[in-house]
Structures are given as C-alpha cells and as structure tokens.
Amino acid sequence: MSILVLADHDQGKLSPATQRVLGAVATLGDAADVLVAGENIGVVAEAAAKLPGVQKVSVADNAAYASQSAEALAGLLSGLVDGYEYIVASAGAVGRDVMPRLAAKLDVMPVTDVIAIHGADRFDRPVYAGNAIETVVNTQAKKLLTIRASAFAPIKGDGQAPIEPVSLADIKSVVEFIAELRTENDTPDLGTAQIVVGGGQSFASAENFKMVEKLAAVLGAAVGATRAAVDAGYAPNDWQVGQTGKIIAPDLYIAIGISGALQHLAGIQGAKKIIAINLDPEAPLVKLADLALIGDLFEVVPALTAALEQRLKA
Amino acid sequence: MKILVAVKRVVDHNVRIRVKPDGSGVETANVRMSMNPFCKNAVEAAVQLAEQGHATEIVAVSIGPKAASDVLLTAMAMGVNRSILIETDARVEPLAVAKLLQAVVDEEKPDLVLLGKQAVDDDSNQTGQMLAGLLDWPQATFASAIEVEDGAVKVTREVDYGRAESRLPLPAIITADLRLNTPRNTALPMVMKARQKPLAVRPVAEFGVDITPRLQIEKTTPPAERSGGKTVGSVDDLVTAIGDDVANMEAL
Ligand SMILES: Cc1cc2nc3c(=O)[nH]c(=O)nc-3n(C[C@H](O)[C@H](O)[C@H](O)COP(=O)(O)OP(=O)(O)OC[C@H]3O[C@@H](n4cnc5c(N)ncnc54)[C@H](O)[C@@H]3O)c2cc1C
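Residue numbers (the numbering used here), protein chains in the order written: chain V, 184 to 497; chain W, 31 to 282.
If you're looking for bench data, these hints aren't it; they were derived computationally from the structure. Careful, some of the hints might be misleading.
Claimed, not checked - Derived PhoX-like pairs (lysine-lysine); straight-line CA-CA distance at most 20 Å:
#, chain 1, residue 1, chain 2, residue 2
1, V, 339, V, 196
2, W, 260, V, 355
3, V, 496, V, 397
4, V, 470, V, 455
5, W, 260, V, 470
6, W, 184, W, 32
7, W, 260, V, 456
8, V, 325, V, 355
9, V, 470, V, 456
10, W, 260, W, 50
11, V, 397, V, 239
12, V, 455, W, 32
Construct the complete structure from the given sequences, taking the supplied hints into account.
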C-alpha cells in the first residue's frame with residue numbers, strides 16, 4: 184500500500200493540517216511519502232521529514248508552485264503518482280482546488296472531505312451540511328482523498344525521513360498570480376485551536392466584535408464568526424465557521440450571539456463542548472449547547488472577559 | 031463572449047433533511063427542491079456580465095431528472111438566454127457530470143464556464159475543478175469577485191489565509207462562492223417570459239459518456255446526537271465552568 188501526501192503549508196511553515204492528514208493515513212498501515220511543493224520551502228520539508236510515519240519527503244522547489252496554483256500542482260502530481268495507490272491532501276483550500284483537477288486527469292472519482300477511514304477502501308464523508316454521513320466504498324486502483332483535518336488526531340513522535348528533490352519538467356502555469364490579501368492577525372489557527380470563541384451579527388459593528396477578539400485573547404483561543412457577521416464586515420472571511428467556511432473541532436467552542444443556523448452547525452459538529460451565550464432561550468444553538476447562559480452579550484461578554492482574566496492569572 | 035453556466039437541482043437549503051431509517055439515503059420524496067445556492071451565484075454572475083456588456087449569450091445546463099427543468103426555468107427567469115437539460119434519473123457522480131459538461135463545452139464553445147463551488151446535497155466541491163482538468167483550462171475556485179479584462183478575467187478567491195487575486199486567460203472555469211453577489215429574485219412576469227425561452231431536453235445517452243458510478247454508497251447514517259440543554263444562572267457560573275475547562279485542557 185503506497186501513500187503520497189501533499190503537504191499543506193503556509194509561508195514557510197508546515198500546516199498543522201498535514202500532521203493530522205498523516206494521523207489519518209497512518210490507519211492505512213504504511214508509511215507515507217510526502218510531497219512539499221512551493222518556493223523556498225526547505226524549512227517545510229525539514230519539518231515534514233521529522234514527523235513519524237513519513238518514509239520520504241520529495242521537494243519541488245520552484246517559483247511556479249509559490250502560489251499553490253491548481254494548474255501547476257495538479258500537473259506536478261500527475262507526473263509523480265505512478266506506483267501510488269493513495270494520493271491524499273488535506274481538505275483545505277489548496278487540497279479542494281488541486282485534487283479534483285488531478286482526479287479528472289487520472290480518470291478517478293475522488294472521495295472528498297473524509298472524516299473516518301474504515302480499512303483500505305471504506306471511508307465516511309459528511310453530506311447535506313453534515314446532517315448525514317455517507318459510508319463510501321472506493322475500489323478504484325488509485326484512491327484520491329481529501330481529509331477533513333479536524334476529524335483526525337495529529338500524528339505525534341519523531342521521525343527522520345530522507346529529503347529528495349524531484350526533477351521538474353515543464354511547469355508553466357497560464358494563471359498569473361496577482362496578490363495575496365492576507366488577514367493580518369496572530370490569533371491561533373482556527374482549524375486546529377483547542378478553544379474557539381465565535382461571534383454573530385448581533386455584535387452589530389466591527390468595533391463591538393472586538394469584544395470577541397478580546398475574550399479569545401484572554402483564553403488563548405482562535406476567533407470564529409458566522410457568515411452573517413462576515414458579510415456585515417465585522418470579521419474577515421477566513422474566520423467564517425460553517426458549511427461554507429472552516430470546519431472546526433475544538434475542545435471548547437464558545438458561541439456568542441449566534442442563532443445556530445444549520446449551515447453554521449455544520450462547522451462545529453466536531454466540538455467536544457459547546458457553550459452558548461444568547462438572549463433567546465429558543466435559539467437552536469442554545470438547545471444544542473452543553474451549557475448556555477441566557478443574557479445580553481453586551482453585558483455578559485465584558486464581565487466574563489474581566490472575570491476570566493482575573494481567574495486565569497491567579 | 032459566450033458563457034456556459036451549470037446549475038444543479040437539490041433539496042432546498044432551508045429544509046432540515048431526514049436520513050431514511052434503513053440507511054439507504056436521505057428522504058427526498060415530497061421535499062422542497064430548488065436551485066443549489068452556489069449555482070444561483072454563478073447564474074447571477076453570468077447575468078451581471080451580460081448586463082455589463084461583456085457576455086453576448088448565456089446558456090445554462092443541468093444534469094438530472096425531468097423536474098430539473100424547474101431550475102433551468104429559474105435561471106432563464108434570471109436572464110439566461112437558453113437551456114439544456116441532460117436528462118437522467120440515475121445518480122451521476124461529479125466526474126461523470128464533468129464529462130457531460132465537457133461534451134457540452136465541445137458543442138457550445140463558450141469562453142467562460144461558471145459553476146457553483148459546491149452543491150449543498152453531496153457537498154463534494156469538485157465539478158468545476160474536474161471540468162477544468164478535463165479541458166486543461168485554467169480554473170479559479172471559490173470566487174468572490176470577477177472582473178473581465180481584455181481576453182482575461184481577474185478573480186478574487188476565498189482561501190484559507192484570507193483572499194487571493196489572480197488573472198486567467200480565457201477560456202476559463204470559475205466556481206462561485208456566496209459572497210460573489212446577491213442573486214436577484216425572479217418575479218412572476220419574468221418566469222412567464224422564461225417559458226418562451228428555448229429549453230432543449232436531451233437524453234444522457236446522446237453524449238456517449240459512461241456515467242456508471244465509481245463509488246458505492248454503502249450506507250447513510252445520521253450524525254451523532256448531542257445531548258445539550260443545560261443552562262447556568264449567572265456570569266459567575268460561566269466563569270467557573272470555563273475556568274475549569276481551561277484548567278483541565280491538556281496542553282498541545
Ligand atoms: C448556502 C448557504 C451557506 C451558508 N454557510 C454558512 C456558513 O458557513 N457559516 C455560517 O455561519 N452561516 C452560513 N450561512 C448563513 C446561515 O444560514 C445564517 O444566516 C447565519 O449563520 C446566521 O448568523 P448569526 O447567527 O450571526 O445571525 P442570526 O441568525 O441573526 O442570529 C443572531 C442571534 O443572536 C442573538 N442575539 C441578538 N442580540 C443579542 C444580544 N444582545 N445578546 C445575546 N444574543 C443576541 C439572537 O437571539 C440570535 O440567536 C449559509 C447560508 C446559506 C444559504
């Protein structure tokens with residue numbers, strides 16, 4: 184059983200998602216080869232080589248891969264997949280962009296957003312915004328998978344895999360990358376944070392939404408938002424949690440002024456514990472939460488933040 | 031330029047779906063169906079490009095049962111010029127959909143194909159990327175802004191770190207995210223007018239594409255239930271609960 188994992192990385196840092204993808208494929212039984220593609224990604228390759236369960240790290244270092252374009256990455260992968268039974272990526276923006284394109288080139292039907300692996304050819308994936316789980320049997324000779332990283336534990340321990348450059352053929356992409364419009368903040372990674380504090384449109388302004396950020400900072404938490412809050416401009420799009428935003432699985436999710444529309448719930452089903460703060464005792468999220476406080480967020484959040492700051496300092 | 035836009039008929043996104051007790055799938059009989067929300071964004075984008083004078087013709091295509099002509103009618107009421115329904119009652123996987131769309135692209139020769147980024151039933155997020163792969167065309171997925179330039183499109187995409195901008199030469203594939211636009215409502219007179227527009231219904235067999243599924247769906251189950259519903263009386267109680275949680279959390 185041979186496995187090739189496309190590493191997910193960001194600006195010279197291996198993404199925590201890759202460690203979770205390796206955790207997922209470890210259940211398939213074999214060590215994986217990891218492909219790191221990008222520009223000046225030596226540090227990423229070294230980080231990948233130190234993970235257990237890695238047999239070899241292949242590095243494709245070229246400007247053509249700097250923007251992680253689907254055209255360039257799918258082209259690169261299609262030249263490397265011979266001999267691999269599994270080709271796997273995280274179901275982040277890059278994996279979702281690249282894997283289906285590659286799959287079509289290989290005439291393979293991929294399984295996207297895998298949340299459980301039962302043996303060599305049986306996979307669970309959520310459908311209908313997570314309101315149903317499909318168990319899919321995939322007997323194709325090549326199996327292309329994207330993995331919902333938050334559904335798997337990261338692989339842990341030490342490894343020492345060799346790093347080898349891959350020889351690069353013709354790698355021109357017709358797509359011209361113009362700019363990254365990056366959200367500037369140093370909050371923890373939403374997809375892998377232990378605690379997430381989420382806010383809805385009831386904060387009523389970007390200024391007020393800073394209350395969420397402040398509580399998150401006290402807890403060392405990541406910040407999440409509903410689509411309504413993002414559309415209103417209170418939070419950047421990469422904070423959106425839900426069916427069409429990020430899927431999270433923190434130990435604790437604190438949802439403030441969030442109704443719990445099914446598209447939002449789709450993103451938090453993996454949360455171990457949910458605490459809700461809401462005016463409305465009938466809000467779906469209040470009913471679903473492990474613990475809820477019925478109250479006005481404009482009073483509750485500042486008081487909670489101050490008191491937690493005190494307690495956690497002590 | 032000519033635009034092809036793909037639309038899918040799905041269970042309406044406001045419907046709370048029910049998994050069949052025998053695990054054979056999701057209940058779809060007597061359930062409200064409508065156009066997939068992201069496909070609506072794609073149609074709206076195409077119509078806006080026509081209104082801006084960039085598009086000269088918009089053709090919508092759907093693959094599905096006879097009833098899918100409903101969503102094509104909606105698309106035409108929004109401003110699409112004509113439609114093609116590739117009719118089949120079978121389950122058609124994204125790869126087969128992409129192959130059927132490729133056949134339509136070969137016939138229609140559009141400059142741009144717009145699709146939704148995902149369908150809210152199977153949540154696959156694949157078809158646009160697959161079509162781009164089959165055609166070897168450039169792709170821009172999860173688009174939240176599109177600007178037509180001379181022989182190219184500038185697209186803003188929603189990615190993990192925020193947004194990214196790129197420029198694609200035409201012909202190209204774009205998949206729409208929700209923030210791309212707000213789809214217009216279709217008033218009854220527009221729907222009546224849409225009934226006059228051409229809708230070609232063609233059997234799937236005409237396209238010479240093998241649509242046999244590659245994946246078997248063994249069973250469909252509901253997700254694990256949460257047992258929530260406890261409330262606390264005061265902020266102090268919440269401080270205690272959260273404080274204890276944090277104290278008990280294992281450091282990574
Ligand atoms: C195809 C599609 C995809 C979508 N994808 C997503 C997604 O990925 N993520 C997502 O979040 N949404 C998504 N949505 C939108 C979703 O349906 C909801 O509209 C959205 O989640 C609602 O956000 P909200 O909870 O902030 O607002 P609302 O639903 O308006 O809820 C506000 C809540 O705040 C409470 N409240 C108001 N004032 C106060 C106060 N002073 N103190 C305390 N509580 C207060 C109210 O009681 C209410 O419960 C999607 C929709 C569609 C159609």
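When you check the alpha-carbon spacing of residue 397 of chain V and residue 239 of chain V, does it fall within 20 Å? Outside the cut-off at roughly 42 Å; violated.
CA of residue 260 of chain W to CA of residue 355 of chain V, is that 20 Å or under? Roughly 57 Å between the alpha carbons, so the hint for residue 260 of chain W and residue 355 of chain V is violated.
Has the given pair, residue 184 of chain W with residue 32 of chain W, been kept, meaning a C-alpha gap of at most 20 Å? Measuring from Cα to Cα gives roughly 17 Å; hence the hint holds.
Restraint status (C-alpha distance of residue 325 of chain V to residue 355 of chain V at most 20 Å): violated, 26 Å
Is the hinted pair residue 260 of chain W and residue 50 of chain W satisfied, with a Cα-Cα distance of at most 20 Å? violated, 30 Å
Decide if the proposed pair is consistent with the structure: residue 470 of chain V and residue 455 of chain V, CA atoms, cutoff 20 Å inclusive. holds, 15 Å
Starting from residue 339 of chain V, check that the Cα of residue 196 of chain V is at most 20 Å away, please. holds, 17 Å
For the pair supplied as a hint, residue 260 of chain W and residue 470 of chain V, confirm whether the alpha-carbon distance does not exceed 20 Å. It holds: about 8 Å lies between the C-alpha atoms, which stays within 20 Å.
Measure nothing beyond the straight line between the CA atoms of residue 455 of chain V and residue 32 of chain W; if it is 20 Å or shorter, mark the hint as holding. violated, 49 Å
Given pair status - residue 456 of chain V, residue 470 of chain V, alpha carbons within 20 Å: At roughly 13 Å apart (the allowed maximum being 20 Å), residue 456 of chain V and residue 470 of chain V satisfy the hint.
Can the restraint linking residue 260 of chain W and residue 456 of chain V be considered satisfied, given a maximum Cα separation of 20 Å? Roughly 12 Å separates the two Cα atoms, so the pair holds.
Pairwise hint evaluation, residue 397 of chain V against residue 496 of chain V, where the allowed Cα distance is 20 Å at most: holds, 15 Å
Figure legend: structure checked against the earlier numbered hints; hints not met, in rising order: 2, 8, 10, 11, 12.
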